[in-house]
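Engineer: The residues making up each chain are set out below.
There are 2 protein chains.
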Amino acid sequence: MKFKIGVFAAILMAPNAFAQDSAMFRKISDEVMMHGTCYNNLRVLCKNVGHRLAGSKAAEKAVVWGEKAMKETGCDKVWLQPVNVPYWKRGKEQLSLTTSGGKTIKLNALSLGNSEGTGGKPMSAKVLMVSGFEELASLPDEQIKGKIVYFNYRFRQDFVFTFQGYGDAVKYRWASPSVAAKRGAKGVIIRSMSTGEDDFPHTGSMHYNDSFAKIPEMAIGNYSADSLEKWCKKGTVTATMQSECHLYEDLRPSYNVIGEIKGSQYPDRIITVGGHLDSWDVGEGAHDDGAGCVQSIEVLRTMKALGIRPKYTIRAVLFMNEENGLKGGSAYADSAKSKNEHHVLAIETDAGGFAPRGIGFEMGEYQVEKIKAYRKLFLDYGVYDFEKDEGGADISPLHKNLNVPAAGLLPESQRYFDYHHTNADVFENVNHRELKLGAVALAQLIYLVSEHELF
Amino acid sequence: MKFKIGVFAAILMAPNAFAQDSAMFRKISDEVMMHGTCYNNLRVLCKNVGHRLAGSKAAEKAVVWGEKAMKETGCDKVWLQPVNVPYWKRGKEQLSLTTSGGKTIKLNALSLGNSEGTGGKPMSAKVLMVSGFEELASLPDEQIKGKIVYFNYRFRQDFVFTFQGYGDAVKYRWASPSVAAKRGAKGVIIRSMSTGEDDFPHTGSMHYNDSFAKIPEMAIGNYSADSLEKWCKKGTVTATMQSECHLYEDLRPSYNVIGEIKGSQYPDRIITVGGHLDSWDVGEGAHDDGAGCVQSIEVLRTMKALGIRPKYTIRAVLFMNEENGLKGGSAYADSAKSKNEHHVLAIETDAGGFAPRGIGFEMGEYQVEKIKAYRKLFLDYGVYDFEKDEGGADISPLHKNLNVPAAGLLPESQRYFDYHHTNADVFENVNHRELKLGAVALAQLIYLVSEHELF
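Listed in order, the protein sequences are those of chains A and B.
For the first sequence, the numbering used here begins at 1411 and goes up steadily by one.
For the second sequence, the numbering used here begins at 1411 and goes up steadily by one.
This is chain A alone, in the form it adopts within the complex (with noise of 0.2 Å):
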């Protein structure tokens, strides 16, 4: 095939700035398709150090490594910020069934992080399907009472934006042992919240209501989703559930991992770059977040190797605990707060190391406006959309206690909940083109924001 590139028509403004942000953009895009170092970055941290939860050695291994990777950009300054964190500790879990033919299955299960166990030892009852909180609430308390209630609720994939399909299916992970355990419940399985046509079970933070029991809960992937709903309908099916799984109450020790390039001109305006160093306990933490992880370094290391002297100061920040506690988000605006730093704008970078395709934004219409006058710079980029209203979990602190405009990074969504918090999130289901594209994008953002003085 051959193609000859669309000419876009001029934007609305002054020509020569235009010529020159656009020569910048091709300046950073090139250094960092030609020698990025995010993707090698993201190796070391998925292979060397693999999953890290909060609170765990992994994660102590991580901070290090991050602290390393943030100094290998040159970049004027980096340090740790300390973050207690809780710690969750899976153990070891196994999920059997009895189906009414009396066969005995053991399915692939993954405890739902921050839930407890069955104290190790197993614990059966019959399986109660519903299709979700609308049908258990019609139910008798009868027919609930020692269940393992099974909620067979479909992640939706007619949404487009599958983040989408995922705001609508993940109360079911974060809020059904309550509402089980309300009517008598003994535990809970769900389908994943996942888009996987295959069988890996997605873990991903719960949440009790104290005024209830604290029952165990389970999820599953869709093929054993699917196998469990058959058998449902066709006769009664035993669970038995066996896990170790613990909150631990007492905070540890950890770290947000900070690096630094002084504003030239206005080092007391701070622009903020982040993602998660934290992950689940499987898989490698690749898309989540990882990749947000080594994109944020990689802003730094572009700027260092272009030269280019920002006018406001740029921080990365890999923030500790995003997934089970939100403590280095809610450390980092602390501090913020109380050094009585000003902070211009915050993005995240916490969807996937997937091709970018827009910019979300929480911040006033006329702030976003500012951006979207040089939306068509973005768009040899394959970054066209900037319409969603989305910042980032871990900068909503700064966001929400500091008003701090905040934006995220929105890559293509569609295998994202393939591999959100399974042992498919690994460094070999990310593609170094596109994780390094959405570096591009932060990159270039950022240097707009600052060299034009935006915000």
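Any copy will do: because identical chains look the same in the list, a pair fits if it lies in one copy or spans two.
Simulated pairs of lysine-lysine, DSS-like, Cα-Cα distance not exceeding 30 Å:
hint, residue 1, residue 2
1, K1457, K1640
2, K1640, K1437
3, K1536, K1640
4, K1437, K1581
5, K1555, K1624
6, K1747, K1780
7, K1502, K1467
8, K1747, K1714
9, K1798, K1786
Just so you know, the hints here were simulated from the structure itself, not pulled from any lab data.
Add chain B to chain A, keeping to what the hints say.
Structural biologist: Quick look at chain B alone, frame taken from chain A:
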């Protein structure tokens, strides 16, 4: 994460038509995403047929598969259109190197399609590494004569749209044997046309200039190419090529597979959508172009499932022999000409089963504008780029000889040249949602053109 989806400004057309089209776009998307059969069709093609070079037994099996899959859509008519195709056979092949240090290494290598081998006998010669045609041209004949020339030209990773990089590099695959033979070389090794951070060699079409010796050509993957580069810089490297490949002069009978829904108002106006059924003789031809075949079939299935009675006749065509002869595309255009058919639009999908980003056009600007008037309808489905000038190979005879307006589906391009023409082009590397979204965009486009009689 939670997301609020941005509301697009109303587009400049009658509000009612817009609302109706928008609703139909949604119906098409929901039907494909929830009930689409293209992913399962692709599984069967990849796993039960596998790779299927034109003229091979597997290609015959693929025709049977295609006819069956087409009939399952419930479309009005399915037929096979005879095409005579060439047959190239790979046979056994190997490539080994002896470094200046005396070490002998076997490399993963693939002969290029349509090339002649070494007659099955080992052929050894010293390796002359050059960066490209320019360097070769600068060397005296005596340095080239009797050598195996290694064209170490790198796929340019700085182009964001990878087809640009392919367009830049592919001349080395296509022309280097004759360029080197003209100067007395005995054989050619090329660095694959590959974006991959891996060692997969990529096959693909090459061409001999009849004025020069038909010397063998082999491709090696990026890791092997890096090693060969290193060894050549260190000292003298001897390569031994051994291959049996051969292009048979006599054509063999084969078929294009065609399915059709007859137009309800203008049955004589035809819209063609197609991909190619043949593949290279490695991997499973999943992205190239099983994806395009199953997407084209999905367009017919979706229209039938939704009860859409298109005003125009819609044809899905699985073309034979795109890879090494284009006989199917030519036969289709010849038939259209001889029957005096009225083709209003031809659309090709042959750039991989990745999430769609745009539609390319090879037609008059006034015709492009007719489609672009509806561009905002496509945005919710990730399709935003209507600026590239691109149709496709199989529809090029229709376009060039019969002036039929041509369009091409433009999916995300980042991963295509990791898989293209390799053993990695397998079903597992296609994502079900991305594949389906491509079919959605095709069905939406065809619906629009037919419903509004745009052409």
